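A.B. asks: Protein sequence lines, in the order shown, are assigned to chains E, L and X.
Per this note's numbering, the first sequence starts with residue 1, numbered consecutively.
Per this note's numbering, the second sequence starts with residue 1, numbered consecutively.
Per this note's numbering, the third sequence starts with residue 1, numbered consecutively.
Worth flagging that the hints you see were computed from the coordinates, not collected in a lab.
No experiment lies behind these values; they were computed from the predicted model shown.
A couple of the hints might just be wrong.
Which residues of chain E face chain L? A few of them, derived with a C-beta cut under 8 Å, are [said to hold, decoys possible]: (1) S18; (2) S29; (3) L39; (4) Y53; (5) V77; (6) Y78; (7) F84; (8) I100; (9) V116; (10) I124.
A virtual CB, placed ideally from N, CA and C, is assigned to each residue, including glycine.
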Amino acid sequence: MKSYVRRYPNTWWLNKSSYFFFMVREFTSIFVAGYCVFLVYFIYKLSQGPDAYYALIEALKSPLSIALHVIVFIFAVYHSITWFKLTPKIMILRIGEEQIPSFLISGANFFAWVVVSAILAWIISVV
Amino acid sequence: MGGRVRYPGLDNLGGIRMSKSNEPIWWSLFAAGGVVSAIFIPIFIVITGLILPSSLTGEEAFAFERIHEAAAHPIVRLLVFCLIVFPLFTFAHRFRSILADVGLMKIRPVISVFCYGFAIFGTIITAVVLWNLS
Amino acid sequence: MTERTMELEVLRYRPEQDQKPSFQTYVIPFKQEWVVLDAINYIKDNIDGSLSYRWSCRMGVCGSCGMMVNGIPKLTCAAFLKDYYPAKVRVEPLNGFPIQRDLVIVMDDFITKLEEIKPWIIRKEGEEKSLEEGEYLQTPAELAAYKQYSMCINCMLCYAACPVYCIDNSFIGPAAIALAQRYNMDSRDQGREIRQEVIASNEGVWECTFVGECSRVCPKNVDPAAAIQRGKVSGTIDYFKSVIIPWGGRRK
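Between the sequences and the hints, there should be enough to build the whole structure, so can you do that?
C.D. replies: Listed below in structure tokens is the structure:
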């Protein structure tokens, strides 16, 4: 007897919130990569001498630049948060029978994130 | 020491899927990029988007000579290379999945070439730009 | 006092007469303690005896009654009507599998995949214990290492939830990989390398994009998503070991 194969819709990720936020998480990679391309551009301008560099600094003060940074920042932070929440699933650490709770592993990652960010901000701004 | 370990009664090692996958390479790069971008990218966005343009820490902090000298240091260049390049592979890996999952699964090998090709191209450009910074 | 009622919209497909599936709506009594399976049984017993579906234990241990309830893969014996009342409940066969008849799916692909990962204790040649030597002993810690993955009841909800499997049936799938890990992590087993041929192939762990929905719908908290990610890590370690140490150096 002929069985029926239903077509799976290409819009499957719109049907459920967990699917949708999965897609958002994957999309963050586009914004993060876009920012990395900008960093290459920054280094390039830096290598072109003071005039090029200061011109870029001026451009960074524009509202468009600020707005883009805010958008990219939101996606980058969403990536960070979801990444740290997923990390415990990849590495399951055991002591005897007990498993180290996920929140400790995630928490350690979040803590490292905050500390490293603070140190970097301090180094670049002050040192 | 050569020779495979013998498992009694299991000489046929599941003939269907003997193709060894090279995915671990791309997955390792993806994972490295995920970690690097998760920890370091947000603060850099704050730096170039807020601290730098607003001169929050004074004009001297971002003077050309200071930044140029710091960035040109070999170790800093290596770190910046890692910061930029690995997330490109995270993008390649994830974008390939996105395209496959929205209906382009059949041409996934073609998509792979474009995505990883872009990441490799970006790696080369980054290396060149960093090399010329001195 | 009039009895409260509810509507169930059920997918019907009769291959001998239908070209494609359609929906049929039934009005069933609403009882506080009823689950969707009770409602379907009521339909079969009182309204429409032609409805076909799988079920058995009605208590969440056999894995037979998996269906899509309002688009979410569930065990119908665990989906309470009161959580949906008074809205209409839509019942469909599990996503990702061909429909045999009404709510019955063709599960051959799933069974094949379970067999492919060799779900039994594999011992190396010469290392099998004879009966006189007694059992393979295992500490509680060694049991804890794989116990969660042994809880799978093969209900296939994870396959219905996995977009990768639904899009591309060549993916080995969450339950099969979790079962493989159940044996890989069993201290009595020595067959990890054999299973790697299947698990570490392109259709194995590498198709997974960690949507995580499989673990969300699993009624037994097996967490197949974690099993798959750990498979990616071990697969990667194996790969680099074989590249760096091509002449040997095998794990376990």
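A.B. asks: Hint compliance check: list the failing hint numbers for this structure, sorted ascending.
C.D. replies: 1, 6, 8
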